[in-house]
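If you read the sequences in order, they're chains A and B.
Heads up, this note's numbering is the position in the first sequence plus 930, with the first residue counted as 1.
The letter at position 22 of the second sequence is residue 5 when you use this note's numbering, and the numbering goes up by one with no holes.
It should be emphasised that the hints constitute simulated quantities derived from the structure, not laboratory data.
No experiment lies behind these values; they were computed from the predicted model shown.
Think of the CB as a built atom: it goes at the ideal place given N, C-alpha and C, for glycine as much as any other residue.
You may find that some hints are simply not true.
Said to hold, decoys possible - FRET-style restraints, in silico, Cβ to Cβ:
{"id": "1", "chain 1": "A", "residue 1": "Asp1181", "chain 2": "B", "residue 2": "Glu43", "range": "44 to 54 Å"}
{"id": "2", "chain 1": "B", "residue 1": "Asp151", "chain 2": "A", "residue 2": "Glu1274", "range": "21 to 31 Å"}
{"id": "3", "chain 1": "A", "residue 1": "Pro1180", "chain 2": "B", "residue 2": "Arg111", "range": "40 to 50 Å"}
As the list claims (entries may be wrong) - To be clear about the criterion: a stretch of chain B counts as covered by chain A if any three or more of its residues have a C-beta under 8 Å from a C-beta of chain A, and this derived list gives those stretches:
{"id": "4", "stretch": "58 to 68"}
{"id": "5", "stretch": "101 to 115"}
{"id": "6", "stretch": "178 to 185"}
What the hints assert, rightly or not - One side only, chain B facing chain A, incomplete, derived with CB under 7 Å:
{"id": "7", "residue": "Arg71"}
{"id": "8", "residue": "Ile72"}
{"id": "9", "residue": "Thr85"}
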Amino acid sequence: MRLWHLLVIAMLRVGGAIAQPVDTALPEAVAQFGPADAPALLLRSTTDIAVLEPAITAFVGANPGVAVTYEQWGSNALYDRARAECMAGTGGADALFSSAVDQLVELVNLGCAQPHRSATTSALPAARRWRDELWGVTREPAVIVYNTRLVPPGDVPTSRFDLLDLLRRADQRYAGRVATYDVEASGLGYLFAFVDSLEATTFGALLEGFGRSGAIATCCSAEIIQGVSQGRYLIAYNVLGSYADSAAAPDVARVWPADYTLVLSRGYMIPRAAAHPVAAAALLDFLLSTQGQAILAASGLVAEGGAAQAGAHDTSARPIRIAPALLVARDQQKRAQFIRRWRETFPNGQGG
Amino acid sequence: MVEAVHATPRSLRLRVAMGVLSLLSVGGIVVALASFAYGRQAAREAYDRLLVGAANDIAEAIAVIDGVPVVDLPVSAFDLLALAPDDRISYSVRGPGGVLLTGYDQPVPGSISAAGQGFFDSTFGGERARFVTVPRRFAERDFSGTLLVTVGQTLNARNAMALGLTRDALVVAGLAGLALLGFAFWVIDRAMRPLSDIARDLAGRDPHDLTPMDTAVPAEMAVMVAAMNGFMRRLERQITAMRNLISDTAHQLRTPVAALRVQAELAAEEPDPAKTRQMLDRIAGRSRSLGDLLDQMLSRALVIHRTDSARRVVLDLRDIALEVIERRDHELVAPGREVVLQIGDAPVLVLADELSLSEAAKNLLGNALRHGAGRVQVGAGVEAGQAVLWVRDAGPGPDAQTLARIGQRFERNAASRGQSAGLGLSIARAVADAFGGRLALEPGADGFRAALILPQAEAGT
Chain A
931 MRLWHLLVIA MLRVGGAIAQ PVDTALPEAV AQFGPADAPA LLLRSTTDIA
981 VLEPAITAFV GANPGVAVTY EQWGSNALYD RARAECMAGT GGADALFSSA
1031 VDQLVELVNL GCAQPHRSAT TSALPAARRW RDELWGVTRE PAVIVYNTRL
1081 VPPGDVPTSR FDLLDLLRRA DQRYAGRVAT YDVEASGLGY LFAFVDSLEA
1131 TTFGALLEGF GRSGAIATCC SAEIIQGVSQ GRYLIAYNVL GSYADSAAAP
1181 DVARVWPADY TLVLSRGYMI PRAAAHPVAA AALLDFLLST QGQAILAASG
1231 LVAEGGAAQA GAHDTSARPI RIAPALLVAR DQQKRAQFIR RWRETFPNGQ
1281 GG
Chain B
-16 MVEAVHATPR SLRLRVAMGV LSLLSVGGIV VALASFAYGR QAAREAYDRL
34 LVGAANDIAE AIAVIDGVPV VDLPVSAFDL LALAPDDRIS YSVRGPGGVL
84 LTGYDQPVPG SISAAGQGFF DSTFGGERAR FVTVPRRFAE RDFSGTLLVT
134 VGQTLNARNA MALGLTRDAL VVAGLAGLAL LGFAFWVIDR AMRPLSDIAR
184 DLAGRDPHDL TPMDTAVPAE MAVMVAAMNG FMRRLERQIT AMRNLISDTA
234 HQLRTPVAAL RVQAELAAEE PDPAKTRQML DRIAGRSRSL GDLLDQMLSR
284 ALVIHRTDSA RRVVLDLRDI ALEVIERRDH ELVAPGREVV LQIGDAPVLV
334 LADELSLSEA AKNLLGNALR HGAGRVQVGA GVEAGQAVLW VRDAGPGPDA
384 QTLARIGQRF ERNAASRGQS AGLGLSIARA VADAFGGRLA LEPGADGFRA
434 ALILPQAEAG T
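Generate the whole structure from the sequences, applying the supplied hints.
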């Protein structure tokens, strides 16, 4: 079943191929899976097409009557588009798959989703589903990555406390060589930083350490990992582990922080006005099935044995709960305060 | 079809089951409505407290920084609201003039904004939701005014709780109903057990055993057992009377019939016509008295039968006395004897059977004619509050020995002599007994009186 053909259309794609009634934002890339004449399920995702390609291919292979149109979006554009469509009540995507679960929680909270219940969704732990309208499909840790060539084994930080000690070191070896997400530029970085601020008091000390040592706040997982690989940065904090895997960067190693490791589940949601809700539910059930999870694990999206990898106590893996508490992260004022605090730490942090 | 259904006896158990089930279904509806109302009330109060808690939590987190109110939205408020895990949350913080500081632009009713606080129902994202507004007042140098914190939640958890409470109440009601049904069946079983005991007792009885049944049964059933025992008593009396009749008849008829036969045989062999003639006269006389005896025995059997079975009516004893005389039987039995009726103007009422009383009166009169002497008087009247029907003759009456014996059921000597004084009196006594009275035999200076003394009846009963 190699019927799918991949059409990667760059951001320069000329409008008109797909009607866009709500706004003029465009997907970063589009791919078509399955038979061309079958009704196509429109999946909007923040995940790179290449990462999800094996899973989607297996899905259309197992369901011959279904095709999937895969649109890859930035998380903020995806959220804006979905919210606008929901408020207008017009049909758009049949399924949303985003790493910015706080955005999806808000969409569900606004009543933009429709429920689906099956044996596989019911088997999910409570932390990975809400209202039977939003489900956490993957399991990806926020890790510390470092350059294996440039960081001596004795310096490898196994926890936030180790990282803090490195930042405070008198020899300034790591000054300006530690990177993390810019919370303003990266939705995922904001989510991780926000949950960090809730999890432990270490966050305040870390921010202070970042500020003193002149750490770099920059955008985008791929860029950070590339920087670590090339030796521009020695260590990066709170990088999504799946990117560290799939980027296949040389000289990069991961550490699950032993004090605690945030584990992100990418959210899957079926919009209320979806044109193909049955197919969207079938895709969800497939992704959550044993086969689907195995394929996702092979793509690095489902990490196993967090505690074992962290080599620490069992409670070190802390899933980011898909729950209304994430609405706090979406609050305008809360966000503004958080970013102001961040700015105070990284006065020149406009990474590039 | 309908008749067939009616003909089928309905089981008591089925009736009770139907009754209990209809009670349960009506009760179930009432319980369901009541518990749903109660459950909604309880759920509303419980979850309203969550809303207030969360709203206060948020209100506490507002601070005025550089003259501007800033909301540091607390996660704890949302964790509190997440106790209703599947409900969507709306929140807003509004400054003076209703300006939205943060949260969703959910309209707040004017009455609530005016009052500064209160609960209200509205919709959120197309779903019904419950809201609360609490105030937070500031009186700082650089900011003064009231902020309104509004928190709302959809109703899933409330409805689930109300339905859960309703379901629990219905389960309890259902279980109670089942227990009630079982208990009712048990009680019916217990209550009906004496009936089957009685049935078994009756089925196992010897046909001749007419002794009363055990009356150690519940009061409701004692009525029936008493009636059945009464019925058996009457049956036994009848059977005894019949048995007596048969044995009396056999006993009393055997001797005179044998004598008749002997005399008839003698007459057949007698060559002398004159003697034959004489013998035939004697045979005729004997046959006549045998006929009288038979009449009396049958009438006695009739009387005994009727006193048990005939309906009792109010009678005037004067009518009985009059009727006995008007039948003029005495002119055949004792031609030439004077028979006088003696009655007053007032009615003499009793509750009895007319035929039995007539038979008794006839026998008393017959006795007086046969065994008494002189003028015979027949009368009726009220004496000492009791109704009396009497026959008096001018003779001295029987001697004391006979008097003591007389009136027994079976008076052999009288019968074997072909006379039936004893039998006649025994009929009168049986009648008197049957109607709650007695037979008085009173020898006196002006003759012998035989009186039937009965309780007086009220007119019209």
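Now for the hints, and whether the structure bears them out:
1. A:Asp1181 / B:Glu43: 44 to 54 Å: Holds - the Cβ-Cβ distance for A:Asp1181 and B:Glu43, about 50 Å, lies within 44 to 54 Å.
2. B:Asp151 / A:Glu1274: 21 to 31 Å: violated, 55 Å
3. A:Pro1180 / B:Arg111: 40 to 50 Å: violated, 58 Å
4. 58 to 68: With 6 residues in contact (Cβ-Cβ under 8 Å with chain A), the coverage given for the stretch 58 to 68 of chain B holds.
5. 101 to 115: That given contact holds, which follows from 4 residues of the stretch 101 to 115 of chain B lying within Cβ reach (below 8 Å) of chain A.
6. 178 to 185: violated (count 0)
7. Arg71: At 5 Å from the nearest chain A Cβ, B:Arg71 passes the 7 Å test, so the hint holds.
8. Ile72: holds, 5 Å
9. Thr85: Result: holds, 4 Å to nearest chain A Cβ.
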